[in-house]
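Use the sequences and the hints to build the structure in full.
Chains H and X supply the protein sequences, listed in that same order. Residue 318 in my numbering sits at position 94 of the first sequence, and the numbers go up by one each step. Residue 313 in my numbering sits at position 89 of the second sequence, and the numbers go up by one each step.
Bear in mind the hints are in silico, worked out from the structure with no lab data behind them. All residues carry an ideal CB built from backbone N, CA and C; glycine is no exception. Among the clues, some could well be false.
DEER-style ranges, computed between Cβ atoms [as the list claims (entries may be wrong)]:
1) 435/H with 374/X: 51 to 59 angstroms
2) 300/H with 357/X: 18 to 26 angstroms
3) 344/H with 419/X: 15 to 23 angstroms
4) 414/X with 364/H: 47 to 55 angstroms
5) 385/H with 298/X: 33 to 41 angstroms
6) 357/X with 453/H: 37 to 45 angstroms
7) 384/X with 346/H: 38 to 46 angstroms
Calculated cross-link-like contacts (lysine to any residue; reagent style SDA-like; alpha-carbon spacing at most 20 angstroms) [claimed, not checked]:
8) 304/H with 238/X
9) 304/H with 225/H
10) 424/X with 391/H
2 protein chains.
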Amino acid sequence: MTSPDQHTLAHHFIITAADCNSQREISIAHLVTLIIETATEHANSIGVGFDRLISHGMSWVLSRLSIELDAVPSINRRYKLVTWVESINRLYSERNFEIVDVESGSRVGYARTIWMAIDMESRRPADLSALHILERYITDRPCPIAKQGKLLPVTAPTSEATYMFVTSDIDINRHVTTRRYIELIIDRWELGFWDANRVKRFDIAFRHEARYGEVATITAAPHGESAGVYDAAIQCGGNVTTLARITFVPRA
Amino acid sequence: MTSPDQHTLAHHFIITAADCNSQREISIAHLVTLIIETATEHANSIGVGFDRLISHGMSWVLSRLSIELDAVPSINRRYKLVTWVESINRLYSERNFEIVDVESGSRVGYARTIWMAIDMESRRPADLSALHILERYITDRPCPIAKQGKLLPVTAPTSEATYMFVTSDIDINRHVTTRRYIELIIDRWELGFWDANRVKRFDIAFRHEARYGEVATITAAPHGESAGVYDAAIQCGGNVTTLARITFVPRA
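Here is the structure:
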């Protein structure tokens, strides 16, 4: 539902069993899917969706995403994601989200995303100046979570796995799905760890697109001395595909 | 939406990018998820949902599923799944589905499912007699696809892989997700094969529940002399977890 001035859009959803992790909460991969779908709906509704970009030979690419959760949305409850645009410049646009528990009316979390456009032919970053119409929709609605810090490659992994991308990992653009990148990171922690801890904050940066048949190395390690904070990375050949940082808190 | 006599329920959906395989069609795993969600909605609406079964110490378990498609639902289009109950006896209930392309009004496929109940404590099949209320909702609406034939273990695999179940494969009941079983089967065929062929019919039988950390062997082989028909199986230790049969047709 778009607001009358079209500055925000609210996407309502109920969390089904298939959307959940083994702790009966929305999986991070599914939450990110909903964030992307909500962004896409709003962009379409204000005339800056994928269709419009294709007419300029460009496509939107999700570059960075950060989520912070006071409570993890849980099974059979109703939520809404509210989205708005914080900024746009030649290189990128910032789009934020609020996650609301519809039954209690309370905000359970926020997300920040950064979108770039790429030139479909060169696969290089494209100039967003053609989308100056987007400036009309910028709002100063607050998003009270920190912007994403610099994510770093994992230098001394305490956990490591390899994985070859297969048929069901490939999306409509012939790249690896966002879901698969996120699951590969989530899977660096054992089921028992997830039973004892939940995500407080999840940061991810998409650096390079992986393809069918490529072999990924997934690594993770504690982030300095901060308790409960970990860095993770996915590398394919010499390329850093994805960097992430997860902050866990013990469950009550 | 339930019909006035509650004999059918229609679940509407639009296929987003995240629901698709690399051929811009609904993935089989996502179609099965929607089938399960539609079944759950109808069962809840007529008072035989999971909540009711729990009060009898039982839970619904999807035992077998068959899908036949004249066309595979594709990206950005609107569809509906219509469900109804064909039969119930002490051991199982048959529930069928029709997949309708809402824009053209044409039926693009059908599905048949067989549900059993298990006793939550013994994990053994439970007696469905307590759910005789379900008999009221049986209809003779036709489902013009064949019932599932006997699926057989793969004796001489032409394709084989192993996989260990990880955190993101585990569902709210601490078993492996239906999605993961289906993807493991789908992944026995390379991306190029899927570009050249589509699923005409998909049969799957869920035999035994797999758990976190178990190692699965996934095998596939042509089914006798029938062109385009393959058997597939997932085994964990000595147990057959899942059996499947896929009938492919070349894309136009």
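Hints violated by the structure (listed by number, smallest first): Checked against the structure, the hints that fail are numbers 1, 6, while the rest are satisfied.
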